[in-house]
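So the sequences go chain by chain: Y and C. Going letter by letter, the first sequence gives residues 1 to 363 in the working numbering. Going letter by letter, the second sequence gives residues 1 to 309 in the working numbering.
These aren't lab readings, by the way, just hints derived from the structure by calculation. Please note: incorrect hints may appear among the correct ones.
Restraint-style ranges between C-beta atoms, simulated for each label pair [said to hold, decoys possible]:
#1 C:E223 with Y:L211: 31 to 37 Å
#2 C:S190 with Y:L240: 29 to 35 Å
#3 C:F282 with Y:P121: 38 to 44 Å
#4 Y:A177 with C:I290: 39 to 45 Å
#5 C:F282 with Y:R179: 20 to 26 Å
#6 C:E223 with Y:R179: 23 to 29 Å
#7 Y:R151 with C:K166: 29 to 35 Å
#8 C:P294 with Y:Q195: 45 to 51 Å
#9 C:K166 with Y:G321: 34 to 40 Å
#10 C:K117 with Y:L52: 46 to 52 Å
Under the rule of at most 30 Å between Cα atoms (straight-line distance), these lysine-lysine pairs were calculated in the DSS-like manner [claimed, not checked]:
#11 Y:K252 with C:K295
#12 C:K295 with Y:K186
#13 C:K146 with C:K123
#14 C:K166 with C:K295
#15 C:K295 with Y:K244
#16 Y:K186 with C:K117
Derived list of chain C stretches under chain Y, where covered just means 3 residues or more per stretch with a C-beta under 8 Å from a C-beta of chain Y [claimed, not checked]:
#17 98-109
#18 149-158
#19 218-231
#20 268-282
Beta carbons are placed, not taken as given, at the ideal position from N, Cα and C, and that holds for glycine.
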Amino acid sequence: MTFAIETKAIGGRLVGDRFGAAAELVALPVLAVVVALIVFGGFVALFGVNPLDLYGYMYRGAFGTFFSWQNTLTRAAPLILTALCTALPAQLGMVVIGGEGALVMGGLCATAAGLAVLGAPPLIVQLVMAIAGMLAGGLWIAFAGALRHYRGVNETISTLLLNYIAIAILNHLVEGAMRDPASLNKPSSYSIGDQNMIGLIPWLGVHWGILFGVIAAVLAYLLVFHTTFGLGARISGGNLRAAKVVGLPVGKLVLAMCFLGGACAGLAGMVEIAAVQERANANMAAGYGYTGILVAFLARQNPLACIPVAILLGGIGASGGLLQRRLGLPDASVLVLQGIIFIAVLASDTFYGRFKIFQTNSA
Amino acid sequence: MADASSLGFWVVPIAVLGGAVRVSTPFLFVSLGECLTERSGRINLGLEGTLVMSAMVGYGVSYLSGSPWLGVLAAGITGAILGGVHAVICGLQRVNDIAVGIALMLFGIGLAFYLGKPLIQPKANILPAIDFGWWSTIPQLHDALKINVLFLIGVVLAPALVWALKSTRWGLILRTAGESADAARAMGYSVNRIRLRATMTGGFLAGVGGSFLSLYYPGNWNEGLSSGQGITAVALVIFARWNPMLCFWTSLLFGGAAALGPALQSVQITWGYHLFGAAPYFLTLAIMIITCSPKRTLVGAPAELSITK
Chain Y
1 MTFAIETKAI GGRLVGDRFG AAAELVALPV LAVVVALIVF GGFVALFGVN PLDLYGYMYR
61 GAFGTFFSWQ NTLTRAAPLI LTALCTALPA QLGMVVIGGE GALVMGGLCA TAAGLAVLGA
121 PPLIVQLVMA IAGMLAGGLW IAFAGALRHY RGVNETISTL LLNYIAIAIL NHLVEGAMRD
181 PASLNKPSSY SIGDQNMIGL IPWLGVHWGI LFGVIAAVLA YLLVFHTTFG LGARISGGNL
241 RAAKVVGLPV GKLVLAMCFL GGACAGLAGM VEIAAVQERA NANMAAGYGY TGILVAFLAR
301 QNPLACIPVA ILLGGIGASG GLLQRRLGLP DASVLVLQGI IFIAVLASDT FYGRFKIFQT
361 NSA
Chain C
1 MADASSLGFW VVPIAVLGGA VRVSTPFLFV SLGECLTERS GRINLGLEGT LVMSAMVGYG
61 VSYLSGSPWL GVLAAGITGA ILGGVHAVIC GLQRVNDIAV GIALMLFGIG LAFYLGKPLI
121 QPKANILPAI DFGWWSTIPQ LHDALKINVL FLIGVVLAPA LVWALKSTRW GLILRTAGES
181 ADAARAMGYS VNRIRLRATM TGGFLAGVGG SFLSLYYPGN WNEGLSSGQG ITAVALVIFA
241 RWNPMLCFWT SLLFGGAAAL GPALQSVQIT WGYHLFGAAP YFLTLAIMII TCSPKRTLVG
301 APAELSITK
């Protein structure tokens, strides 16, 4: 897979010219985002919107005020977690895009588990919900990993199909077995109860989910870059034959990485229920899984880099409302911008190693 | 619904059969297009986005011009442009075609929602159907046999593509690029240019498939118009072993599976409506589990294809 080869080439260059390559790893995605913003500015200019107004409102809606920061961080929390669902299996050269499905399954199972132990103390309920959500999301993606390893089924296609299947299961259950008869307009499950909601971080006003995301990203980073397990995964991603020669258990690595990635997305689902929605319904499939893919690619599959990138994309999402109110842009404008950023960042892959400025040390 | 009760549960297979013909058409066009692209050695996962975007453009053009056929043409051109974007970016060195497909899928869907906002309300002229069931007095059978012209074009197109891939100069060059880029280069052909043409043609066909969604069945434009038909069709090509004629038969199978939910609903079985709606995805996954294998390369797979390498 070309993807794996390219990661390896960058890793190799890191040894000889650490600073230049690291600068390049940051500079090229930043450049890609800038180019994407310029292209998007040109796009809205076609509809009679001043691009400078656009950038101004985007900044204000994303990072301009305390409230916009709150909104941005609330959106960033699930994005960090769903990004890890793509970034962790990516260490093995896999392209997993099932974050949306794992999030939905995680949220659904967390709700079911929470409702089952509703009488328990809130902390127990939350713990049970988190475990259920992570297990459900983890098994959901591990299933795709197993299909890849044992049956050779392409994981990109299978995880995308699993997204649609997860949403079908969600709709089936919240309109049937799990439905609260009181939810008339929007079929929903029973509420997990106010007392069981995970609250807000006191002085910040953002729910604790953002902390879950940051902790998960740091742990994932340590796992990938500072453990033998992570090294084994990266070797398998770089060169499958070499991995087999040194006796790495590739199958176990695939299953474990997929499980961990899925567990992160499942936790995102749990957080969405226990911190935002209070009950399972179609609102859960809000596209965090798909934006998470973009976060992972923009972060170059580095778990730690997923944190700032998720905040950036959370900010873009948060500014959508302001763009709609002030400039009359449709809510889908965020999707268009995300698509342009995604294309730009992938196209920028071709420039690695082409700019002399980053190779001064080795030259 | 006196007839429905006199037919009893025969309504279900008739509706599935009619649905198979109706619902399979977008599957058919997308899979034929993807088949061409993949035979040239590149995979375009962005066809889901192409489908949605071209459905929107087709509907818009039909609404503005009054001619649904002009809408089909515009949808095809939209698909070809998106295919061209995919091919040009993938033509750059070290760019991953699977990832670009995902990006274009999200971009296409986003752009369609953005530009399609004003098209949700108005009614556009939709495509005509040929009535093959005029002899029948049973309304269900009559409905099932109303067949759209695009489906008939697809019926002709599938064997035509088999022939073109096998026997024409153009088909031979395309397959050479798909089996060995080096061999194609050695013959003096530009692999990127061959794949550009294949991806644009594939995008055109997928675009026509998209216009079917908005201009015939369901025959309107809304944001939930396509939910995974594009990606199912991509998986279907693997099942069909990159053979256009097999793409045709599997499209019918998938169309039938997709029609199962509404058919059961017509006889008052509403349990599991969403699950039956997801039948094509379950079916795709099951088929991929059965037919793929980690030990051997798939029969008929183009050697240059990243997804089976």
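Hints versus structure:
Distance hint check for E223 (chain C) and L211 (chain Y): the Cβ-Cβ separation is about 34 Å, which falls inside the suggested range of 31 to 37 Å. Here the CB-CB span from S190 (chain C) to L240 (chain Y) is close to 31 Å, well matched to the stated 29 to 35 Å. Separation of F282 (chain C) from P121 (chain Y) is about 40 Å and conforms to the stated range, judged on CB atoms against 38 to 44 Å. Between A177 (chain Y) and I290 (chain C) the beta carbons are some 30 Å apart, a value that contradicts the proposed interval 39 to 45 Å.
F282 (chain C) and R179 (chain Y) have their C-beta atoms about 23 Å apart, which keeps the hinted 20 to 26 Å range intact. Separation of E223 (chain C) from R179 (chain Y) is about 24 Å and conforms to the stated range, judged on CB atoms against 23 to 29 Å. Restraint check, R151 (chain Y) to K166 (chain C): a C-beta distance of roughly 30 Å satisfies the suggested window 29 to 35 Å. Distance hint check: the CB atoms of P294 (chain C) and Q195 (chain Y) are about 49 Å apart, consistent with the given range 45 to 51 Å.
Checked against the hint of 34 to 40 Å, the pair K166 (chain C) and G321 (chain Y) fails, with Cβ atoms roughly 55 Å apart. Restraint check, K117 (chain C) to L52 (chain Y): a C-beta distance of roughly 24 Å breaks the suggested window 46 to 52 Å. Between the alpha carbons of K252 (chain Y) and K295 (chain C) the distance comes to roughly 18 Å, so the proposed pair stays at or under 30 Å and holds. Pair hint K295 (chain C) plus K186 (chain Y) does not hold up; C-alpha atoms about 47 Å apart against a cutoff of 30 Å.
A distance of roughly 21 Å separates the Cα atoms of K146 (chain C) and K123 (chain C); the hinted pair therefore holds under the 30 Å criterion. For the hint pairing K166 (chain C) with K295 (chain C), the CA-to-CA distance comes to about 28 Å; that is within 30 Å, so the pair holds. Proposed proximity of K295 (chain C) and K244 (chain Y) is supported: the alpha carbons are some 15 Å apart, at most 30 Å. Note on K186 (chain Y) and K117 (chain C): the hinted pairing holds, with a Cα-Cα distance of about 23 Å set against a maximum of 30 Å.
Taking a C-beta to C-beta cut-off of 8 Å, the stretch 98-109 of chain C contributes 10 residues in contact with chain Y, enough for the three needed, and the coverage statement holds. Only residues whose beta carbon comes within less than 8 Å of a beta carbon in chain Y count, and the stretch 149-158 of chain C has 0; fewer than three means the coverage is violated. Look at the stretch 218-231 of chain C against chain Y: 3 of its residues bring a Cβ nearer than 8 Å to a Cβ of that chain, three or more, so the hint holds. Under a criterion of three residues with beta carbons nearer than 8 Å to beta carbons of chain Y, the stated coverage of the stretch 268-282 of chain C is upheld, 9 such residues being counted.
In summary, the structure is inconsistent with hints 4, 9, 10, 12, 18 from the numbered list given earlier, while agreeing with the others.
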